[in-house]
Amino acid sequence: MLRTQRIESVSIRPWYSPRISKELNWTTRNITGTLNEVTLPLPRYEQVTLRFTGTLVLAEHNGVKLTPITLNAINAASKLGEISVLVAGVDIVKIAEQVAKVDQVKRVFVSDHKKLEHQLPEFVAKAVETLQKQYKFDYVVAGASVFGRDVLPRVAAQFDVSPVTDVIAIHGDDTFTRPTYAGNAICKVRSNSPVKFLTFRGTAFKPAKESGGNAKIEKAPETDFSFDCVEFVSQELLKSERPDLQSAKVIVSGGRGVGSADNFKIIYELADKLKGAVGASRAAVDAGYVSNELQIGQTGKIVAPELYIAIGISGAIQHTAGMKDSKVIVAINKDSDAPIFEIADVGLKADLHKAVPELIKAL
Amino acid sequence: MQWYLSATEAMRALVAVKRVIDYAIKIRVKPDRTGVIKDNVQHSMNPFDEIALEEAVRLKEKQIIKEVLVVSLGSPKSQETLRTALAKGADKAIHVEVEEAVAEKIEPLFVAKVLKKIAETEKPDLIFLGKQAIDDDYGQTAQLLAGLLNWPQAIEVDGGRELIRIKTPAVISADLRLNEPRYATLPNIMKAKNKPLEKKSLSDYGIEIAEQTQILEVSEPPVRKSGGFVEDVPSLITKLKEAGVL
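Protein chains in written order, with the UniProt record's numbering: chain S, 1 to 363; chain G, 1 to 246.
There could be a bad hint or two in this list.
[Stated by the list, open to error] Below, a list of computed lysine to any residue pairs in the SDA-like style, where the Cα atoms sit at most 20 Å apart: (1) S:275 to S:355; (2) G:239 to S:306; (3) S:327 to G:229; (4) S:188 to G:217.
No lab work stands behind these hints, which were simulated from the structure alone.
Could you put together the complete structure from these sequences and hints?
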């Protein structure tokens, strides 16, 4: 009887890694043949059944709504097992309800505490640590945004684990691909840590559907937030009607060639016409044309929209590392030797001050 | 980053620096796919670490910091990086030396463990690190270290700016926008030769390397091909319509 139960739970875990599935198939075949002689289960499998198992995704939000990268992280995590999501903050019932409806999500843990209001990593990490100690998930994951990057390694340190950050592909339960050297070398790694702490690059995974899920919402365990070495003072947010850079389908990006902060308005105008977001190269940020939140590249945001229009951008590796996974790349530059043309699907050698207004007019 | 420090007595800073392949070098993957070619390739201090160091040195010039200790974990060649740091204004250096082959396998968690040990003996008030090393691109060491020490961490945010107040001791990770690092002048390079540089090994800190993340294969990224040029704006629009993105 006991054995039968175990076999049943094998079949409900088809998501597990190819390697393990193979082992399990083998076991199952043996069972059907000679049930009495078989010693079960495999050590690895035993470990799986004893634990609560599954994956904990850290939800990122701004207090009002869920950040889109969370959906990409949930979808990536769905390859790794049953999904639980932690929503940490203050008055976040609405966000928790939104998460509960997301496809594939099974459980939503809500950690509601005054100290979590500004999402300071010191406190969010504490909430994650407490939850992990109690439920012992196999994976603790988040989107590879500043939020995920700040919180996840801090928690991993408590469990003596080396996190694998900025994962762009999942090959099995412990094998992942991540870019190194600003995307100039692609590295396949195997993580041997008992629990895997991962961050997923948002643009490498499709977002999970926002409906279809019916997760149970429950209270996260009580956490000690008495740490008092950090406090939030104020914040200055970039206000914009335009779509968020990391989830925009179209991005219009300007570089030093744009010439001035004032000239940048044609970039905004074109972006508005295409309902896209505005980006910039580091050179444009350094020259003071736009604020650094718009920077795309190795040291800024990594994006992969359907259409990326690079205007007055030379295409240094620092910049291309952040946008070369875009579906279609358009480059407008007066220098036909600019390296951006080497990766552009459509190149236009022209003076941007003439070509961009013409483009705006024609659209 | 703006500093509102009200220290009554001068503080001590620890800065961690890493020797990496120079950012301007176009790297090449080894034919056997075990890593990238590092021999006879220009190396320099990780750009984010230069910024972290610069910030510490500036605080020293403002007399908020009394002493800047710089640390590097790596092969014997990391000493060059430490000398550069001394030439830029650090007061003394610690080199935690490992063999070249071992250096390849060191993960951020182990760097964080070594830095924690050094922090326990040197008792710095602030630890400065770059936000990520441009070779492994992990971006973890500062957060791991802050987690191990249970100190607050100050790292950049998305979508704007955030002002936080932290109590020292604290871990600070430097973003590119923090400052513009200085060049080391020739007299300072000469002077740096006489500054103290202490050599240590992992066993001095009782730390053994236990690899958690095994590199299976390193490959070239898929190459994007140039699609060529169009003559004018109307043909640009036609092309984009054909591609289905307009």
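Now the hints, each set against the structure:
no.: 1; hint: S:275 to S:355; in the structure: holds, 19 Å
no.: 2; hint: G:239 to S:306; in the structure: holds, 14 Å
no.: 3; hint: S:327 to G:229; in the structure: holds, 17 Å
no.: 4; hint: S:188 to G:217; in the structure: holds, 5 Å
Of the hints listed earlier, there is not a single one the structure fails to meet.
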